[in-house]
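Peer 1: One line per chain: the protein sequences are A and G, in this order.
Under my numbering, the residue at position 181 of the first sequence is numbered 181, and the numbers go up by one with no gaps.
Under my numbering, the residue at position 29 of the second sequence is numbered 29, and the numbers go up by one with no gaps.
FYI, nobody ran anything at the bench for these hints, they're computed from the structure.
Just to be clear, a hint being listed does not mean it is correct.
Said to hold, decoys possible - Cut-off 30 Å, straight-line C-alpha distance, at most; resulting in silico cross-link-like pairs (DSS-like, lysine-lysine):
| # | chain 1 | residue 1 | chain 2 | residue 2 |
| --- | --- | --- | --- | --- |
| 1 | G | LYS203 | G | LYS3 |
| 2 | G | LYS57 | G | LYS204 |
| 3 | G | LYS63 | G | LYS120 |
| 4 | G | LYS7 | G | LYS206 |
| 5 | A | LYS3 | G | LYS11 |
| 6 | G | LYS203 | G | LYS7 |
| 7 | A | LYS3 | G | LYS7 |
| 8 | G | LYS118 | A | LYS10 |
| 9 | G | LYS120 | A | LYS10 |
| 10 | G | LYS118 | A | LYS3 |
So the chains spell out like this:
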Amino acid sequence: MRKILIIGFKLTAICMVASLALGFVNVVTRPHIEENKRLALQRALALVNEVGTPGEEVIIADTGVVRSYYPVFLDDGTLSSFILRVVGVGYSGDLVLLANFEPSGRLIRAFMLAHTETPGIGDQPERPEFYNKFIGRGDADNPIPTRRTHLSRADSDSVAGATITFVGVANALADGAAFVRNVLAKDPNYAKDIGE
Amino acid sequence: MLKLFNKSILKENPIFVMALGLCPALAVSTTIENALGMGICTLFVLLGANIFVSLLKDFIPSKVRIPAYIVVIATFTAIVEMILQAFSPELYQNLGVFVPLIAVNCIILGSAEAFANKNKVGTSIVYALGQGAGFTLALFMIAFLRELLGTGTVTLLAIGTFDGVIRIPGLASAPIRMFGLAAGAFFVIAFLQAFLNWQTMRKKEK
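Make the full structure from the sequences, and use the hints.
Peer 2: Structure representation (structure tokens):
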């Protein structure tokens, strides 16, 4: 019994020293990491948005596909589109995307903010050309393709080997388009009062 | 000490001789920049783990030494991950999932168990430096050949108006793309291993 207690004490001591070291490094690096994330978000917003200026982020939920949105305004103040932060389910974790939709639900542009897919196989959504098969689609008459069989032969071949990643991205974009069509197009101020 | 350092770089090279740490070697050796980044991160974790395992070898009970080593190694890996994320986010993104996977790199656990556990701190530091340098050198050689043959370019440091990328005429327009894939990495490792074996045998025959 005494031996086991000594072993437990020694392991606890090692874990405590490790925790202290990690806590110290976390305190030093956290501000830099947050700043890098803020800059990356700004770059991503600029990439998915060509014409207008994004407004304040409106948080919708911590779970589910659509997490938040940014209304995009033109210079004259008119609402032009919505940039949604959507989260899909990939092969090895969440696929976090920023996607800009017209009020009709048509996708303008999309960008992968974060993922944990296998490098070289499931990282195709990092490339802008990956989204060509979705852009211009998403309204009621022309839905976003969510299965490989909905794609042309060339597009279908391009996602071979990473079908789960493709389906994860496609479902997230399709849900985002449906949210814009069914909710934001009817109530552009949706959920704005939640954080107030 | 110098003999031990040289031995752990070449005669006991973790990739070409011991065939350890092949997963990150295949995955991140697509460009020289990624290979050097991974090599330096691994060297840091290897050094930290060897120092602490050597210092704590009499404190850690032998029954639970492997979990204790894993705690030490995982701590250094998490430190590297946070530092990379804070000060080199692009490299962090390029290395992706292979940064946290340093914690389960066989070279590090093998070095802690087979060497640092039985030797003094100074010797363990030299061994860790040699193994880390050997791993980095191997990654650099693999990445150099893969980038050269797979994309027809060699990436160096960007200075002024020079973007750091040298394009090889002929090869840049028609590269052998297979070398950019995992199968190409296997071929490169095999050729380099064969070359090193041939060199060793030739020296022995002399």
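Peer 1: Run every hint past the structure and note whether it holds.
Peer 2: Results for each hint:
| no. | hint | verdict |
| --- | --- | --- |
| 1 | LYS203(G) / LYS3(G) | holds (17 Å) |
| 2 | LYS57(G) / LYS204(G) | violated (37 Å) |
| 3 | LYS63(G) / LYS120(G) | holds (21 Å) |
| 4 | LYS7(G) / LYS206(G) | holds (19 Å) |
| 5 | LYS3(A) / LYS11(G) | violated (41 Å) |
| 6 | LYS203(G) / LYS7(G) | holds (15 Å) |
| 7 | LYS3(A) / LYS7(G) | violated (40 Å) |
| 8 | LYS118(G) / LYS10(A) | holds (19 Å) |
| 9 | LYS120(G) / LYS10(A) | holds (21 Å) |
| 10 | LYS118(G) / LYS3(A) | holds (23 Å) |
In summary, the numbered hints that this structure violates are 2, 5, 7.
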